[in-house]
Amino acid sequence: MIRILSVALVCALPFVASAKQAVEVKKPNIVVLLADDLGYGELGCYGQEVIQTPHIDALAKKGVRFTDFYAGAPVCSPSRAVLMTGIQIGKLSIRGNKGYFAEDDAWDRVALRKSEKTLAEMLKGAGYQTAFIGKWHLGDANDYSTWAGGRGFDYAVQEQWAQNRGGKEFIYHMQYENSDEVGLMYDKEAYDCLDVFRTEIALKYLNEQRDSNKPLFLFMSYRNPHAHELYIREKERYADQGWPELERTHASRITMLDEQIQRLLDKLEAMGELENTFILFTSDNGPHAENGHDNTFFNSSLGLKGHKRDLYEGGIRVPGIAYWKGKIEAGQVSDFQASFHDVMPTLAAVAGIDAPEQTTGISFLNTMMGQPQEAHTHHYWAIQKPGSRKGYRQAVRMGDWKAVRYGDKNATELYDLKKDVYETTDLSAQYPEVVERMNQIILKESTKDPHYPWAGSLAGSNP
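Following the working numbering, the residues of the sequence shown are numbered contiguously, the last one being 463.
Hint data in this document are derived by calculation from the structure and do not stem from the laboratory.
For glycine and all other residues, C-beta sits at the position ideal for the given N, C-alpha and C.
Please note: incorrect hints may appear among the correct ones.
[Claimed, not checked] Label-pair distances were calculated between CB atoms; the ranges are:
1) 106 / 418: 36 to 46 Å
2) 187 / 106: 27 to 37 Å
3) 164 / 437: 32 to 42 Å
4) 263 / 213: 22 to 32 Å
Construct the complete structure from the given sequences, taking the supplied hints into account.
What follows is the structure, given as structure tokens:
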């Protein structure tokens with residue numbers, strides 16, 4: 001009898017292993033959809049009245065839409081660095097689009113430290129197939145190991161620009177594919193915009209390289225409606241509105257982005273992958289006001305003060321939409337305060353793994369699933385613009401209190417967002433004790449760094 005049981009057990013072992021593998025394969029796919037410079041008010045589901053975004057709006061209705069969702073910073077590189085590492089900006093390697101290099105007395109791009117684990121490295125370690133397509137902006141142009149392909153992504157397609165301090169030159173609009181030498185060349189006569197091409201790359205990847213035995217992590221880093229994505233091929237969209245051409249183009253880029261996201265979702269559904277996919281859509285910062293674009297024309301910030309590069313709400317409050325069929329109840333609108341450094345622990349929770357110890361964020365999965373949710377005591381942001389101390393800016397949100405400190409003002413402004421979300425009335429004189437508490441948080445959250453000369457101090461104060 002003992003022998004028979006032993007044989008039965010041995011025979012069962014392959015089936016036990018297979019069952020275990022099946023459970024592992026059933027880990028949810030994870031897709032992050034990142035827009036570039038999309039304002040809080042530029043989607044229909046957030047109050048936009050004329051720019052059409054029906055597909056993203058539908059995604060919001062099927063999942064949860066956050067009203068108090070924040071980027072990691074008010075500008076591209078540091079915001080994406082926070083998103084990619086789960087580390088708030090005051091303790092991160094990238095705190096501006098450029099950092100200071102004393103040896104050259106110059107400002108240039110800073111790369112993520114190798115010790116700062118990325119989303120891809122975290123999920124690849126959990127058995128995920130990882131892919132990145134689009135704008136990276138987190139590496140050293142002359143060191144491929146700092147590109148997306150060197151930071152945990154099995155498949156990586158990205159653009160690249162040369163360092164200001166010299167080194168390798170790159171081909172404009174080349175989408176470098178798993179290499180810093182060769183890639184896929186964008187033909188502006190063949191596609192309505194670059195994001196259409198990026199989506200084509202993603203669809204081809206899913207067709208030809210998708211490993212159905214592994215869960216998928218796909219990071220789609222779109223560039224619309226960034227100011228430098230000006231060119232679009234078709235000229236008919238919104239042509240009957242009588243808008244200035246620059247604004248018509250801006251609106252068209254947003255609607256095209258909406259369409260490309262739907263193409264990707266349709267593909268996942270056709271592959272039978274969508275039902276087991278967690279999707280997060282957001283934007284890297286607030287709307288831009290560059291190349292002549294008027295971001296009040298479409299009320300891009302929904303009336304919020306400031307825009308890209310500002311630490312007022314218009315620069316950092318961004319759309320945040322999550323979808324996970326059967327897990328996240330449809331039609332939710334949440335005022336839970338979440339920020340980009342919360343994404344890493346959230347995706348770890350979705351994948352059923354522990355987040356790296358480096359993260360300063362907390363998972364907001366519970367709030368999406370209607371369960372008790374831990375919350376931050378405060379959120380911190382900063383930005384160092386190249387040049388003088390005047391370009392150093394900091395902000396804190398603590399409950400409904402919001403503190404903003406700009407280097408050229410040398411004072412901490414204080415707002416009550418519950419009563420004054422547009423930040424019109426500075427209450428610092430009435431609540432000096434709150435200001436002092438906010439200043440202490442700023443000093444605590446900002447650590448010194450050689451690339452950011454004024455980090456670790458109050459913006460505008462004496463060293």
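Quick rundown of the hints versus the structure:
1. 106 / 418: 36 to 46 Å: Taking Cβ atoms as reference, residue 106 and residue 418 lie about 44 Å apart, which means the hint holds.
2. 187 / 106: 27 to 37 Å: holds (35 Å)
3. 164 / 437: 32 to 42 Å: holds (39 Å)
4. 263 / 213: 22 to 32 Å: holds (25 Å)
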